[in-house]
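Chains as they are written, first to last, in the UniProt record's numbering: chain A, 1 to 463; chain B, 1 to 463.
Among the clues, some could well be false.
Put simply, identical chains are the same to the list, so a pair is met inside one copy or across any two.
What the hints assert, rightly or not - Listed below are the simulated DSS-like cross-link pairs for lysine-lysine, each with C-alpha atoms no more than 27 Å apart in a straight line:
#1 K329 - K237
#2 K213 - K237
#3 K266 - K142
#4 K213 - K329
#5 K237 - K179
#6 K142 - K43
#7 K397 - K347
#8 K117 - K414
#9 K179 - K414
#10 K179 - K329
#11 K347 - K237
#12 K237 - K142
#13 K213 - K347
If you're looking for bench data, these hints aren't it; they were derived computationally from the structure. These numbers were taken from a predicted model, which means no experiment stands behind them.
Now for the letters of each chain:
There are 2 protein chains.
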Amino acid sequence: MASLDSVLSCIDLNLDRSLDRLFDLLRIPSISTDPRYAEDCRKAADFLAGDLAAIGFEASVRDTPGHPMVLARHEGPAGAPHVLFYGHYDVQPVDPLELWTSDPFDPVIREDANGRKRIVARGAADDKGQLMTFVEACRAYKAETGSLPCGVTILFEGEEESGSPSLLPFLEAHRAELKADAALVCDTNMWDRDTPAISTGLRGLVGEEVVVKAANRDLHSGYYGGAAANPIRILSKIIADLHDADGRVTLPGFYDGVDEVPDDVKAQWNALNFSESDFLGEVGLSVPAGETGRSVLEQTWSRPTAEVNGMIGGYTGAGFKTVIAAEAKAKISFRLVFRQDPAAIRKAFRQFVEDRLPADCTAEFHPHGGSPAIQLPFDSPWIAAASEALSQEWPNKAAMIGMGGSIPIAGEFKNQLGMETLLVGFGNGDDAIHSPNEKYEMSSFHRGQRSWARILDRLGRGV
Amino acid sequence: MASLDSVLSCIDLNLDRSLDRLFDLLRIPSISTDPRYAEDCRKAADFLAGDLAAIGFEASVRDTPGHPMVLARHEGPAGAPHVLFYGHYDVQPVDPLELWTSDPFDPVIREDANGRKRIVARGAADDKGQLMTFVEACRAYKAETGSLPCGVTILFEGEEESGSPSLLPFLEAHRAELKADAALVCDTNMWDRDTPAISTGLRGLVGEEVVVKAANRDLHSGYYGGAAANPIRILSKIIADLHDADGRVTLPGFYDGVDEVPDDVKAQWNALNFSESDFLGEVGLSVPAGETGRSVLEQTWSRPTAEVNGMIGGYTGAGFKTVIAAEAKAKISFRLVFRQDPAAIRKAFRQFVEDRLPADCTAEFHPHGGSPAIQLPFDSPWIAAASEALSQEWPNKAAMIGMGGSIPIAGEFKNQLGMETLLVGFGNGDDAIHSPNEKYEMSSFHRGQRSWARILDRLGRGV
Numbered sequence: 001m002a003s004l005d006s007v008l009s010c011i012d013l014n015l016d017r018s019l020d021r022l023f024d025l026l027r028i029p030s031i032s033t034d035p036r037y038a039e040d041c042r043k044a045a046d047f048l049a050g051d052l053a054a055i056g057f058e059a060s061v062r063d064t065p066g067h068p069m070v071l072a073r074h075e076g077p078a079g080a081p082h083v084l085f086y087g088h089y090d091v092q093p094v095d096p097l098e099l100w101t102s103d104p105f106d107p108v109i110r111e112d113a114n115g116r117k118r119i120v121a122r123g124a125a126d127d128k129g130q131l132m133t134f135v136e137a138c139r140a141y142k143a144e145t146g147s148l149p150c151g152v153t154i155l156f157e158g159e160e161e162s163g164s165p166s167l168l169p170f171l172e173a174h175r176a177e178l179k180a181d182a183a184l185v186c187d188t189n190m191w192d193r194d195t196p197a198i199s200t201g202l203r204g205l206v207g208e209e210v211v212v213k214a215a216n217r218d219l220h221s222g223y224y225g226g227a228a229a230n231p232i233r234i235l236s237k238i239i240a241d242l243h244d245a246d247g248r249v250t251l252p253g254f255y256d257g258v259d260e261v262p263d264d265v266k267a268q269w270n271a272l273n274f275s276e277s278d279f280l281g282e283v284g285l286s287v288p289a290g291e292t293g294r295s296v297l298e299q300t301w302s303r304p305t306a307e308v309n310g311m312i313g314g315y316t317g318a319g320f321k322t323v324i325a326a327e328a329k330a331k332i333s334f335r336l337v338f339r340q341d342p343a344a345i346r347k348a349f350r351q352f353v354e355d356r357l358p359a360d361c362t363a364e365f366h367p368h369g370g371s372p373a374i375q376l377p378f379d380s381p382w383i384a385a386a387s388e389a390l391s392q393e394w395p396n397k398a399a400m401i402g403m404g405g406s407i408p409i410a411g412e413f414k415n416q417l418g419m420e421t422l423l424v425g426f427g428n429g430d431d432a433i434h435s436p437n438e439k440y441e442m443s444s445f446h447r448g449q450r451s452w453a454r455i456l457d458r459l460g461r462g463v
Numbered sequence: 001m002a003s004l005d006s007v008l009s010c011i012d013l014n015l016d017r018s019l020d021r022l023f024d025l026l027r028i029p030s031i032s033t034d035p036r037y038a039e040d041c042r043k044a045a046d047f048l049a050g051d052l053a054a055i056g057f058e059a060s061v062r063d064t065p066g067h068p069m070v071l072a073r074h075e076g077p078a079g080a081p082h083v084l085f086y087g088h089y090d091v092q093p094v095d096p097l098e099l100w101t102s103d104p105f106d107p108v109i110r111e112d113a114n115g116r117k118r119i120v121a122r123g124a125a126d127d128k129g130q131l132m133t134f135v136e137a138c139r140a141y142k143a144e145t146g147s148l149p150c151g152v153t154i155l156f157e158g159e160e161e162s163g164s165p166s167l168l169p170f171l172e173a174h175r176a177e178l179k180a181d182a183a184l185v186c187d188t189n190m191w192d193r194d195t196p197a198i199s200t201g202l203r204g205l206v207g208e209e210v211v212v213k214a215a216n217r218d219l220h221s222g223y224y225g226g227a228a229a230n231p232i233r234i235l236s237k238i239i240a241d242l243h244d245a246d247g248r249v250t251l252p253g254f255y256d257g258v259d260e261v262p263d264d265v266k267a268q269w270n271a272l273n274f275s276e277s278d279f280l281g282e283v284g285l286s287v288p289a290g291e292t293g294r295s296v297l298e299q300t301w302s303r304p305t306a307e308v309n310g311m312i313g314g315y316t317g318a319g320f321k322t323v324i325a326a327e328a329k330a331k332i333s334f335r336l337v338f339r340q341d342p343a344a345i346r347k348a349f350r351q352f353v354e355d356r357l358p359a360d361c362t363a364e365f366h367p368h369g370g371s372p373a374i375q376l377p378f379d380s381p382w383i384a385a386a387s388e389a390l391s392q393e394w395p396n397k398a399a400m401i402g403m404g405g406s407i408p409i410a411g412e413f414k415n416q417l418g419m420e421t422l423l424v425g426f427g428n429g430d431d432a433i434h435s436p437n438e439k440y441e442m443s444s445f446h447r448g449q450r451s452w453a454r455i456l457d458r459l460g461r462g463v
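Only chain A is shown next, with the shape it has when bound in the complex (with noise of 0.2 Å):
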């Protein structure tokens, strides 16, 4: 223990260059689905292989059809596990930028009405935060010891945001290099404050995009209105006939490989304390909007759903415009959970534009990323040892959630290198990641580098 006290000790004392690390890497704007910020990826990847080889790490940027990957290996002591811990440079669009108090690509602290202390900035918790907490671990560990508890490959990828394409081609390129006992990931909540968690589920994400199209040109409402086809119309009933009164989806076969959460598990839930009322209530809801009869907890862990992340057609300026649009575009995804399969899922869909289009009009589709559920056994000794590591840095024994977000790379890594994920994360619920003004808690940034340093720890005595 007196090699991890140091340690720990250590994180206290550097948490100010540790921030302007993270602040340097927090002001590139590496926004992965926009064409225009594609240097900054790359800026962001180089900024992380340079941090990591100044480290000790073997550290390289890895080009891809996308943005690059970074990968970096440090060895661990003989016979002591290997982990594999992966996180996303990349951010999410900052629009609607005029909701933002600040630069979103200028970070800054603030303190929040409690004294709490917190850091803002667009990537602050999503996950540039996150991913620095466990690079800041391992610092911290080779300027004490020389060396790492256990042996680390660390994967940084650029294109989380936008559905990761270059990942799945990437692991089975690189099996070999990137195969370990098991894979770390920091893109996560804690339960509460308190309460650190590991999530033992994640939902799996189908995006897909599709433009129906009827007239040749956009018409004039009054000319051509009740004669021609309204594509804004047609995909209006398409999306609205996606959900049945009780907030089922509709698409046949969506439910194939859907469980029923066993009661025990239930029962672990309930015992959480969940405040449906407060999660809802702190976006100005107040209502669980899904499926009849279920709780929030089951709606966004383990329910599968359809959203619609955006759609367009015809005038949308100042004013008004008399026009019959001559075509709409909608982002649609879908959640999924436990068995769903999402390439039947996206065929589903497709059929189900298809068989909703009227006469002269058509459908085009683009696909936007694709990722199975992934599921862990809550018998996991992997769970176990970083159950007991977590419990020990924060006030209270760590919870075993379920997660509605999706992150692909966990599914992959299960199915290409057959190794369990280990979800853990610093972030909390009114972080804003996704949406304006975005932020990361300085006890995140702090206690979650205390907190892996603690979990290499032990898990470098043995799992």
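Following the hints, put chain B in place on chain A, whose structure we already have.
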């Protein structure tokens, strides 16, 4: 007839100069719906007032809370009727700009495949080219005879493309100045290239923007998806509900005041040899998409509609963003026929939306213009006189037709000033008004001027 002949010659000889004047007007980007072009709207008004004064009208620009009016007056011979001519100098927005083959505000003359010349610019047909046909007819009359054959008041507004908010108050405030024996409007189409048309019916319009709001900010569709209300989905459902399976509008009371067209009128329409397949085929369609069992002419001339003219919500940029939007917006318009009441329909729509809002959701409404339909008596002596004059200019006799579009002023002339409105225009169905590459045929511009000279001459001889 001697003076009419010399006026017609004068028009023929001065065609190039009349084109120069039209081009000067077309170069002014008077887009009324976009506040950035307010100065240009005033510039267009000043241009027209100056031109009318140069002809010999008593002309002025009149301020309104929105864009200004142009009002001009020229007395006629004692005992001759006095007419009010109406047009609008404002134009539609130009997006999508990339589909224009030349700058929308740098007019050019192009030849089509048949060697016919066409004037290409935003507003070439709607309505700058059309209104200038009347102005040029007056100019030629004054040049050749020193007077006009009947009294003429001219009213040009600058808000026709954005719901005419200032028009009704202006009519109410200037009844005495505007009162005439009949109104003339040049904002409609020919039946075909050889057949002039007088429109006996015009659909009314109710424009409404609706904003559906749910959460107080954009949400991550992973964390909240399944539990949070999605405004795009809710608005899509509302839009889908607006029509039944037969294409009828489902708003309660929507069809109050909608008559069936008498059989003899339907017989006249059938005699026009209208080709549904040509009309739809020209814009890439083949099947009438409106109410089941109605012809295209019925659907566009005598039946009311509900159309979505624009819709937007969530992330619509490049790539994908897994967001649940805080709000979604749609611009919706209703075309009205016969005695449908715009106020009642606006109210019914708002109630329809409110009735379909789930818990935690609200709707905001922004009105964008409302006007009833107009329906002229088929036996009007004004129609007979105009028909006689038009039939002398063009190869074929004038057709009495319905109109799918809305010209709010026509209803208000009836309500406020007790006048019938004669709708005579020289546009063609492929003029692409409201679309990229709007054009006006050179023959429309030339023979339109000659047609107005003939109509003024004929009206001057008594109705």
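Could you check the structure against the hints above and give me the numbers of any it violates, in ascending order? Hints 3, 5, 7, 8, 10, 12 not satisfied by this model.
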